[in-house]
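Asker: I would like the entire structure built from these sequences, with the hints used as guidance.
In terms of the working numbering, the sequence shown has 70 at position 70, counting the first letter as 1, and numbering is strictly consecutive.
To be clear, the hints were calculated from the coordinates, so they are not data collected in a lab. Every residue gets a Cβ at the ideal spot worked out from N, C-alpha and C, and that includes glycine. Do not rely on the hints blindly, as some may be mistaken.
[Said to hold, decoys possible] Pairwise CB distance ranges (calculated):
{"#": "1", "residue 1": "E19", "residue 2": "N67", "range": "16 to 24 Å"}
{"#": "2", "residue 1": "E32", "residue 2": "E7", "range": "36 to 44 Å"}
{"#": "3", "residue 1": "K51", "residue 2": "I5", "range": "18 to 26 Å"}
{"#": "4", "residue 1": "S60", "residue 2": "N33", "range": "35 to 43 Å"}
{"#": "5", "residue 1": "E59", "residue 2": "E32", "range": "21 to 29 Å"}
[Stated by the list, open to error] Below are the DSSO-like pairs computed for lysine-lysine, each with C-alpha atoms no more than 27 Å apart in a straight line:
{"#": "6", "residue 1": "K8", "residue 2": "K36"}
{"#": "7", "residue 1": "K22", "residue 2": "K51"}
{"#": "8", "residue 1": "K51", "residue 2": "K17"}
{"#": "9", "residue 1": "K12", "residue 2": "K64"}
{"#": "10", "residue 1": "K8", "residue 2": "K64"}
{"#": "11", "residue 1": "K22", "residue 2": "K48"}
{"#": "12", "residue 1": "K51", "residue 2": "K36"}
{"#": "13", "residue 1": "K12", "residue 2": "K22"}
{"#": "14", "residue 1": "K29", "residue 2": "K8"}
{"#": "15", "residue 1": "K29", "residue 2": "K64"}
{"#": "16", "residue 1": "K64", "residue 2": "K48"}
{"#": "17", "residue 1": "K48", "residue 2": "K12"}
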Amino acid sequence: MSDSIMEKEIVKYNRIKTELIKLAQCIDKCTENREKEFYQNICLEYSKELKNLKSAIEESYNIKICNCCNNEQKTSLFM
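Answerer: This is the structure in structure tokens:
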């Protein structure tokens with residue numbers, strides 16, 4: 001039973017992450033500063049929620065969610 005709960009939490013995590021990516025892409029398309037700021041604020045809140053959810057999943061299920069997109073790994077891949 002806990003496997004299905006864990007699976008639901010990971011699906012939720014991935015859904016928030018996908019929405020964050022979509023919202024971040026909206027920032028690039030904005031022409032007005034007010035509009036950019038609006039999407040940046042939304043992205044900030046999504047990012048906070050994503051970080052909190054990641055920590056909760058990792059602690060609850062004793063797993064580690066990959067950070068394959070962090071800057072250190074990107075840098076080391078291209079050096």
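Asker: For every hint, state whether the structure bears it out.
Answerer: Against the structure, the hints:
1. For E19 and N67, the hinted distance range of 16 to 24 Å is satisfied, since their beta carbons lie about 19 Å from each other.
2. The beta-carbon spacing between E32 and E7, approximately 41 Å, falls within the hinted interval of 36 to 44 Å.
3. Evaluation of the 18 to 26 Å hint for K51 and I5 yields a pass: the beta carbon distance comes to about 20 Å.
4. In this structure the supplied range 35 to 43 Å holds for S60 paired with N33, their Cβ-Cβ distance being about 40 Å.
5. Under the hint 21 to 29 Å, the C-beta atoms of E59 and E32, about 41 Å apart, miss the expected range.
6. In summary, the hint linking K8 to K36 is not supported, as the alpha carbons are separated by about 32 Å, beyond the 27 Å threshold.
7. For the hint pairing K22 with K51, the CA-to-CA distance comes to about 17 Å; that is within 27 Å, so the pair holds.
8. The hinted pair formed by K51 and K17 meets the criterion: a straight-line CA distance of about 10 Å does not exceed 27 Å.
9. Under the criterion of a C-alpha separation no larger than 27 Å, the hint pairing K12 with K64 is consistent with the structure, at around 16 Å.
10. Of the supplied pair hints, the one linking K8 and K64 holds, its CA atoms being roughly 16 Å apart against a limit of 27 Å.
11. With a C-alpha separation of about 16 Å, the suggested pair K22 and K48 falls inside the 27 Å cut-off, and the hint holds.
12. Taking the CA atoms of K51 and K36, the gap is near 22 Å; set against the 27 Å cutoff, the hint holds.
13. Between K12 and K22 the CA atoms are separated by roughly 15 Å; this keeps the pair inside 27 Å, and the hint holds.
14. Proximity of K29 to K8 is assessed by CA-CA distance (about 32 Å); at most 27 Å being required, the pair is judged violated.
15. As the CA atoms of K29 and K64 are separated by approximately 34 Å, the hinted pair breaks the 27 Å bound.
16. Between K64 and K48 the CA atoms are separated by roughly 18 Å; this keeps the pair inside 27 Å, and the hint holds.
17. For the given pair, K48 sits about 14 Å from K12 by alpha-carbon distance, which is consistent with the 27 Å threshold.
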